[in-house]
Amino acid sequence: MHLDHTHSGPVALSADARRPDGTRRALRIGLGGPVGSGKTATVAALCRALREELSLAVVTNDIYTREDAEFLLREAVLPPERISAVETGACPHTAIRDDISANLEAVEDLEDTAGPLDLILVESGGDNLTATFSKGLVDAQIFVIDVAGGDDIPRKGGPGVTTADLLVVNKTDLAPYVGSDLPRMAADAKAQRGELPVVLQSLREETGVRDVADWVRARLADWTAPA
Amino acid sequence: MTAAVTATARIHARPDGRGGTALPVLAGEGPLAPRRTRGTAGEASVVLVGAMSGPLGGDRLRVETEVAEGARLRVGSAAATLALPGRHQDEARYDVRLTVADGGELRWLPEQLISAGGSDLYVTTRADLAARARLVLREEQVLGRTGEEPGRLTSRLTVRIAGRCVLDQELSCGPGAPGGWDGPAVLAGHRAVGQIVVVRPEFAPHPPAARVCPAGAAVLPLAGPAVLLTAVAPDALQLRRALDEALAALG
Amino acid sequence: MSRAALLVLADGRFPAGGHAHSGGAEAAVRAGRITGAGELAEFCRGRLHTTGLVSAALAASAALGMDPAGLDAAADARTPSPALRGAARRLGRQLLRAARATWPSAELDALARDFPKGAHQPVVLGLAARAAGLGAADAAYCSAYESVGGAASATVRLLSLDPLDATGVLARLAPEVDLVVDRAVAAAREALAEGPETLPGASAPLLEILAETHAASPARLFAS
Chain A
443 MHLDHTHSGP VALSADARRP DGTRRALRIG LGGPVGSGKT ATVAALCRAL
493 REELSLAVVT NDIYTREDAE FLLREAVLPP ERISAVETGA CPHTAIRDDI
543 SANLEAVEDL EDTAGPLDLI LVESGGDNLT ATFSKGLVDA QIFVIDVAGG
593 DDIPRKGGPG VTTADLLVVN KTDLAPYVGS DLPRMAADAK AQRGELPVVL
643 QSLREETGVR DVADWVRARL ADWTAPA
Chain B
717 MTAAVTATAR IHARPDGRGG TALPVLAGEG PLAPRRTRGT AGEASVVLVG
767 AMSGPLGGDR LRVETEVAEG ARLRVGSAAA TLALPGRHQD EARYDVRLTV
817 ADGGELRWLP EQLISAGGSD LYVTTRADLA ARARLVLREE QVLGRTGEEP
867 GRLTSRLTVR IAGRCVLDQE LSCGPGAPGG WDGPAVLAGH RAVGQIVVVR
917 PEFAPHPPAA RVCPAGAAVL PLAGPAVLLT AVAPDALQLR RALDEALAAL
967 G
Chain C
27 MSRAALLVLA DGRFPAGGHA HSGGAEAAVR AGRITGAGEL AEFCRGRLHT
77 TGLVSAALAA SAALGMDPAG LDAAADARTP SPALRGAARR LGRQLLRAAR
127 ATWPSAELDA LARDFPKGAH QPVVLGLAAR AAGLGAADAA YCSAYESVGG
177 AASATVRLLS LDPLDATGVL ARLAPEVDLV VDRAVAAARE ALAEGPETLP
227 GASAPLLEIL AETHAASPAR LFAS
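Protein sequences appear in the order of chains A, B and C. In terms of this note's numbering, the first sequence opens at residue 443 and continues consecutively. In terms of this note's numbering, the second sequence opens at residue 717 and continues consecutively. In terms of this note's numbering, the third sequence opens at residue 27 and continues consecutively.
Treat the hints as calculated values from the structure; they're not laboratory data. Note that the structure is predicted; figures quoted are calculated from it, not measured. Where a beta carbon is used, it is the ideal one built from N, C-alpha and C, also for glycine. Don't take every hint at face value.
[Said to hold, decoys possible] These stretches of chain C come out as covered by chain A in the derived footprint (C-beta under 8 Å, 3 or more residues):
hint : segment
1    : 57–63
2    : 114–120
[As the list claims (entries may be wrong)] Below, computed lysine to any residue pairings styled on SDA-like, alpha-carbon distance capped at 20 Å:
hint : chain 1 : residue 1 : chain 2 : residue 2
3    : C       : Lys143    : A       : Lys577
4    : C       : Lys143    : A       : Glu550
5    : C       : Lys143    : B       : Ala939
6    : A       : Lys598    : A       : Asp623
7    : A       : Lys577    : C       : Arg39
8    : C       : Lys143    : A       : Ala527
9    : C       : Lys143    : A       : Pro462
10   : C       : Lys143    : A       : Pro601
11   : C       : Lys143    : C       : Ala241
12   : C       : Lys143    : A       : Asp554
13   : A       : Lys577    : C       : Phe40
14   : A       : Lys577    : C       : Ala127
15   : C       : Lys143    : A       : Lys598
16   : C       : Lys143    : A       : Arg461
17   : A       : Lys577    : C       : Thr128
18   : C       : Lys143    : A       : Glu553
19   : C       : Lys143    : A       : Asp551
20   : C       : Lys143    : A       : Thr555
[Stated by the list, open to error] Chain B residues, not near chain C, derived (Cβ > 12 Å throughout):
hint : residue
21   : His728
22   : Thr753
23   : Thr756
24   : Ala757
25   : Ser761
26   : Gln805
27   : Glu807
28   : Arg823
29   : Val852
30   : Ala920
31   : Pro923
32   : Arg957
33   : Leu966
Make a model of the complete structure from these sequences and hints.
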């Protein structure tokens, strides 16, 4: 990333940390992971946890246009002008990794229309275990898997599990019902990820999204700290 | 053998000073005969009567209509225009030139143009409007008489408002037209295609919403105070129904 | 100039947003008008000779150095569907981002300043070709090929069509792409002398109508 790279024109080109007017742009955090692992539910929970203290917005990358955006709107976690849906042409991983131009348009438009923003969450469409976000699009990424998707996923690894800045193992409350071995999942994840953090969460429990929200706060503190 | 025809009809409309519209010029030539008919209060009405069937290959027909400031004119035609093959090898041309001044209104509502098998016609329609002019312009084409393969037909429609071009569309179909004209991107086997352009100064602040009407016509607000209603249909009757529905919905 | 720059610009992986657009193929598939390779070929052929010709001529004109504002207005007049105008501007903005990063140029910077909401994609494409040191025919080739390539690859995804069939469709259209490019470049040279109003206006009624049906659809895979 070229964090101190500036351009003369009216739009930043990619991951530039500054907006054209010289102000620092919002921190962008990507949330990826397989279908049904709870990405949208985590985004909704993060919005509820952070919206009082931060100015934030969400970009969704649905497989089928607007489904996830509609869910967030229905749940009223943010006002509609802070939620934007990107169409992905049946390839959500392309839109977050190989050709991020539509997502960059969406995050910049949100900053222009709803800004100034502290944080933009970019949610990927449910995709496979290899889908990761381009560093041109997000500053940090969270990979969300769940216990019901099989307790061998951390052991299998893959770019999402191995390299994401935060791995979330979701729906821990279901572990007894689906026969998933939580300690083994945590150990496998640790083996794959070394020092990179892992959070085991259940949004149904009182702690909910607390650990993930704390991690986001820490990333934001790093982002806004003077260089 | 008959010679190819070159003919021009001219229609000029201006206010008559008593709240109506006068037609100081109403001149036909050859197959083009404009006739004044009973209008309504304020609006003059003209019908183009085709004295011969045409245009035939090699013909050069032209209609020039000018609507002065404050005048209101409706122009229709007595029957559909039939493009037929001529003895001349050249294509036939039919050029329509419409000019409307500020506060003037033209409703240009001819019957269909039918492209008969073996014919070859190039139609151009060009409307030049002042900023506060009003226009309703209908153009309908039927490809072939019943059960007949169509002729070659190319039609270009251009609308300028205050010197700025807001619509420039050309449709080319029939034998020898560029490929794919009857395929799923262009006409998909439909034999009637048409459009209505509506220009109203009040569209500038309040453009109608884009949509597709139940009978299939699309309402397309243009980049200017104008709307294009466009439709394809199996036949002339269903085309007219679709366009009329979309026009009525504009209010 | 490097001819290889043409390969970079024409590459389907050039990150300018095209992958999320089907060129009307999704709406045509839903309407039952494309069910296999034969109909895809006719669909692409119709696109090529209408919107493909217009886009190629606009791109060639921009590559020749014509005023982008005049070309953008000409593109508006040739695109009655507001959904298609919106898609063309969004794609233009995405392409401009990629082109400015790839071939920095004062002309591209000026275009970004003058069109903050995006200029029509073919106009941007022509200027990008120019910035890459390419000529009018190169720009026209890019644009004409894009007008069919995007629809073909979208149809592979929409119908699970055999990708070999889709590629065959594109290969068999190649001679017609050559013809369209020749016409587009000739039209661009005429426009350079006479002004943008002489550019071709070839239209496809069903593409315009279906674009609005598609834009109003609550669930779709492709943006256009």
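Consistency of the hints with the structure:
Coverage of the segment 57–63 of chain C by chain A is violated [criterion: at least 3 residues with CB-CB distance below 8 Å; count 0]. Under the rule that three or more residues need a Cβ within less than 8 Å of chain A, the assignment of the segment 114–120 of chain C holds, with 3 such residues. At most 20 Å may separate the alpha-carbon atoms for a hinted pair to count; lysine 143/C and lysine 577/A exceed this at roughly 25 Å. Using a Cα cut-off of 20 Å, the hinted pair lysine 143/C and glutamate 550/A holds, with the two alpha carbons roughly 12 Å apart.
With a CA separation close to 15 Å, the supplied pair lysine 143/C and alanine 939/B stays within the 20 Å bound. Taking the CA atoms of lysine 598/A and aspartate 623/A, the gap is near 15 Å; set against the 20 Å cutoff, the hint holds. With a C-alpha separation of about 17 Å, the suggested pair lysine 577/A and arginine 39/C falls inside the 20 Å cut-off, and the hint holds. Taken as a hint, the lysine 143/C and alanine 527/A pair is honoured in the structure, with Cα atoms around 18 Å apart against an allowance of 20 Å.
Our distance criterion of 20 Å between C-alpha atoms is met by lysine 143/C and proline 462/A, whose separation comes to about 15 Å. With a CA separation close to 35 Å, the supplied pair lysine 143/C and proline 601/A exceeds the 20 Å bound. Restraint check: the Cα-Cα separation between lysine 143/C and alanine 241/C comes to about 19 Å, which is no more than 20 Å; the hinted pair holds. With a CA separation close to 12 Å, the supplied pair lysine 143/C and aspartate 554/A stays within the 20 Å bound.
Between lysine 577/A and phenylalanine 40/C, the direct Cα distance comes to roughly 17 Å. Compliance with the 20 Å bound is thereby established for this hinted pair. For the hint pairing lysine 577/A with alanine 127/C, the CA-to-CA distance comes to about 15 Å; that is within 20 Å, so the pair holds. For a cut-off of 20 Å, the pair hint linking lysine 143/C to lysine 598/A is broken: about 44 Å separates their Cα positions. Restraint check for lysine 143/C and arginine 461/A: satisfied, since their Cα atoms lie roughly 16 Å apart, inside the 20 Å limit.
Only pairs whose Cα atoms come within 20 Å are accepted, and lysine 577/A paired with threonine 128/C is accepted, the gap being roughly 17 Å. Only pairs whose Cα atoms come within 20 Å are accepted, and lysine 143/C paired with glutamate 553/A is accepted, the gap being roughly 14 Å. Between lysine 143/C and aspartate 551/A the CA atoms are separated by roughly 10 Å; this keeps the pair inside 20 Å, and the hint holds. The straight-line distance between the Cα atoms of lysine 143/C and threonine 555/A is roughly 13 Å, inside the 20 Å bound, and the hint therefore holds.
Against the 12 Å criterion, histidine 728/B stays outside the reach of chain C, whose nearest CB is about 26 Å from its own CB. The non-interface label for threonine 753/B is consistent with chain C: the shortest C-beta to C-beta separation is roughly 32 Å, beyond 12 Å. No beta-carbon of chain C is positioned within 12 Å of the beta-carbon of threonine 756/B; the least distance is around 30 Å. Residue-level check passed: alanine 757/B sits 34 Å from the nearest beta carbon of chain C, beyond 12 Å.
No Cβ of chain C approaches the Cβ of serine 761/B within 12 Å, the least distance being about 29 Å, so the stated non-interface status holds. For glutamine 805/B, the requirement that its beta carbon stay farther than 12 Å from each beta carbon of chain C is met, with the minimum near 23 Å. Residue-level check passed: glutamate 807/B sits 17 Å from the nearest beta carbon of chain C, beyond 12 Å. For arginine 823/B, the shortest C-beta to C-beta distance to chain C comes to about 20 Å, beyond the 12 Å cut-off, and the non-interface label holds.
With a least beta-carbon separation of about 16 Å from chain C, valine 852/B lies farther than 12 Å from that chain, consistent with its non-interface assignment. Annotated as non-interface, alanine 920/B keeps its C-beta farther than 12 Å from every C-beta of chain C; the closest such distance is 15 Å. The Cβ of proline 923/B sits about 9 Å from the closest Cβ of chain C, inside the 12 Å cut-off, so the non-interface label is violated. Residue placement check: arginine 957/B keeps its beta carbon more than 12 Å from all beta carbons of chain C (closest about 15 Å).
Here leucine 966/B stays apart from chain C, with its beta-carbon at least about 15 Å from theirs, past the 12 Å limit.
Going through the hint list in order, the structure does not satisfy hints 1, 3, 10, 15 and 31.
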